[in-house]
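Colleague: So the chains spell out like this:
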Amino acid sequence: MKTSRTARPPRQTTSQEVAELQSSLAEATATLDAIRNGEVDTVAGPASAGARVYTLEGAAVPYRVLIESMNEGALTLATDKLVLYANRSFARMVRRPLEQVIGASFREFLAVEDRGPLRAMLKHAGQAGSRVQLCLHASDGSTLPVLISVRSLATGSRSALSVAMVVTDMTEAHRTEALLRELAHRSVAAQESERRRVAVELHGHITQMLCAVMVRSQTLVDHVAPGDTIAKKEAGELRDLVAKAAEEVERIARDLQPGALHHVGLPAVLRSEGAAFADRTGLAVEVTCRASSIKLPAGTALACYRIAQEALKNIAEHARARTVRILLERRGASAILTVRDDGVGFGPAQRRAGTQKGHGFGLLSMAERASCVGGQFSVVSGPGKGTTIQVRVPIRAGSTGLPSPRARRPVPTLS
Amino acid sequence: MRSITVLLADDHTIVREGFRKLLDAETDIEVIGEAPTGRQAVAMAAKLLPDVVMMDIAMPLLNGLEATRQIRKASPLTKVLMLSAHSDSAYVEEAIDAGASGFLFKQSSATGLSRAIRDIHKGSLIFAPAIVRRILAERSSGRPVPPKKKSAGLTSRETEVLQLIAESKANKEVAVELGIGIKTVEKHREHLMLKIGVHDTAGLTRYAIAAGIVECHPTPPAR
Chain A
0 MKTSRTARPP RQTTSQEVAE LQSSLAEATA TLDAIRNGEV DTVAGPASAG ARVYTLEGAA
60 VPYRVLIESM NEGALTLATD KLVLYANRSF ARMVRRPLEQ VIGASFREFL AVEDRGPLRA
120 MLKHAGQAGS RVQLCLHASD GSTLPVLISV RSLATGSRSA LSVAMVVTDM TEAHRTEALL
180 RELAHRSVAA QESERRRVAV ELHGHITQML CAVMVRSQTL VDHVAPGDTI AKKEAGELRD
240 LVAKAAEEVE RIARDLQPGA LHHVGLPAVL RSEGAAFADR TGLAVEVTCR ASSIKLPAGT
300 ALACYRIAQE ALKNIAEHAR ARTVRILLER RGASAILTVR DDGVGFGPAQ RRAGTQKGHG
360 FGLLSMAERA SCVGGQFSVV SGPGKGTTIQ VRVPIRAGST GLPSPRARRP VPTLS
Chain B
0 MRSITVLLAD DHTIVREGFR KLLDAETDIE VIGEAPTGRQ AVAMAAKLLP DVVMMDIAMP
60 LLNGLEATRQ IRKASPLTKV LMLSAHSDSA YVEEAIDAGA SGFLFKQSSA TGLSRAIRDI
120 HKGSLIFAPA IVRRILAERS SGRPVPPKKK SAGLTSRETE VLQLIAESKA NKEVAVELGI
180 GIKTVEKHRE HLMLKIGVHD TAGLTRYAIA AGIVECHPTP PAR
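Those sequence lines, one after another, are chains A and B. The first sequence begins at 0 in numbering that gives the first Met the number 0 and counts up one residue at a time. The second sequence begins at 0 in numbering that gives the first Met the number 0 and counts up one residue at a time.
Derived by calculation from the structure, the hints in this document are not laboratory data. Treat the hints with care, since some could be wrong.
Unchecked claim - Calculated lysine-lysine pairs in the DSBU-like style (CA-CA distance at most 30 angstroms, straight line):
| # | chain 1 | residue 1 | chain 2 | residue 2 |
| --- | --- | --- | --- | --- |
| 1 | B | K20 | A | K243 |
| 2 | B | K194 | A | K294 |
| 3 | A | K243 | A | K312 |
| 4 | B | K182 | B | K171 |
| 5 | B | K72 | A | K294 |
| 6 | A | K231 | B | K20 |
| 7 | B | K72 | A | K232 |
| 8 | B | K72 | B | K194 |
| 9 | B | K46 | B | K20 |
Working from the sequences, and respecting the hints, build out all of it.
Modeller: Structure follows, in structure tokens:
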């Protein structure tokens, strides 16, 4: 069906006028009904010079049924962001009657801070189409996180009809994501506490016992009669074997979780880790702790240690670096750990390739470790530019400089 | 000759027993007490005034580091030999800072233990070979230990003071040793930290070892 507004004839009698008004009213009622029923394919909007009429071309019935019945919101917008068409799902999302949606400006349905990005998004929509996460602003003041896919509809002469949008409610997806993250955090915490338990058991019992046996073997060596060279040699070898076993057990315990983290804190452990890494790899490692006095919560110190460990592992495997700098400093209520190398670095292309080969989890797990303790993680790299990873964590447990409720999840960034 | 008196502080009975048996064979070393906690170690050290305390680094109630700090304060003539079953050199700095004169890993402590005790008693610093390696390695990395400028513009008196500090002597001992006032020692200490660019005793000790101002005897490896 089509609706249009006609120009009024110059002179009329009163009864003519009443008849005219009645017919206008009937027409308006029919229009509203049509909008309610989703039968509108043309909208006329007021314009400075006369009326403007928009018509949806080729709006075939099957498509209409499809779009009207889908759960996603669907819209078309004119270039001036006027809503030309919206389905009932979208009207439900913004909690307004459909007739108040069609003909309104799309900006009204966005949270204030998302109105800026909209412009850029529409501009970018171009031919390729784009997706963006925004918050819808409903009539009752509530907000709804959504994913909007935008496609340009501009086809030469009909440039007034600008874009089509599909709006997906992300509430459930976000909830699921939050649950998954929570689950990941819990499994990390469970794994660490189990590691700690085993490390403490090994260190407290097996190591001590082996040390005692080693000391006793030395006593044995000392007491063997001077002439009995065979017994003396055996006892000496026994002592050495036990000492080796004790060292091995201790290495396992430390790899599980360094007890020093709990006893003498992160700076000392970073220094010894750096020294051991230099020893192993032959790289020059510089460790600077400008915050030796800060006491991080145990979980936070552990997260920082694991991130540094992962960063060093990456450097050894991929960076081909010569020097590594580890820096721990305090900035306000945060501690900042930086690991920088002068290696080959990587760009987005290498990173994608790495992810396909299953290598990308290192960065992801570092980001997750940071987010576990309310921290932020970033990595800056580029081919030939070396790599810098940085983690910023709150010094006090529970306090968080981030993320704000609306912040998107911290995704590793690349320069 | 009076024998060297030793206090064993370790929360593991089997380990204390092992050390006692090992040291019993030495005629010039006498174990005069055993403490199962850090707190008891402090109390017994104050009462028995041992020459050397063999201190486990991780103990209940009061850890070995803090116990060392308190013992060195209450009885500056008592030397502390730190023993750690943790194969992590992260503890070394803290141990030096707390006033320990040596640091050995338990796993390789038996061979040459009696010699280490005698050396520590004489005023030497004793470190496990891995630790000496690390201290020397730190010279080549960016830590504030400039080895080439051996003197770092230190006067000979300052070098003397540095050596005594690095040998874990308290300010009072240094004053007695050099026949100068305790205030003067404090002033020297401040100047040293400024010149070397460190802010604690551990830094001074590290510098002194790296610059060869004090001798640091690694214990022979256990074989």
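Colleague: Hint by hint, note whether the structure agrees.
Modeller: Structure-based check of each hint:
1. B/K20 - A/K243: Status holds; Cα separation ~21 angstroms.
2. B/K194 - A/K294: holds (29 angstroms)
3. A/K243 - A/K312: holds (26 angstroms)
4. B/K182 - B/K171: holds (10 angstroms)
5. B/K72 - A/K294: holds (25 angstroms)
6. A/K231 - B/K20: holds (17 angstroms)
7. B/K72 - A/K232: Distance of about 44 angstroms is beyond 30 angstroms: violated.
8. B/K72 - B/K194: Judged against 30 angstroms, a Cα distance of about 26 angstroms means the pair holds.
9. B/K46 - B/K20: holds (23 angstroms)
Violated hint: 7 only; the structure is consistent with all others.
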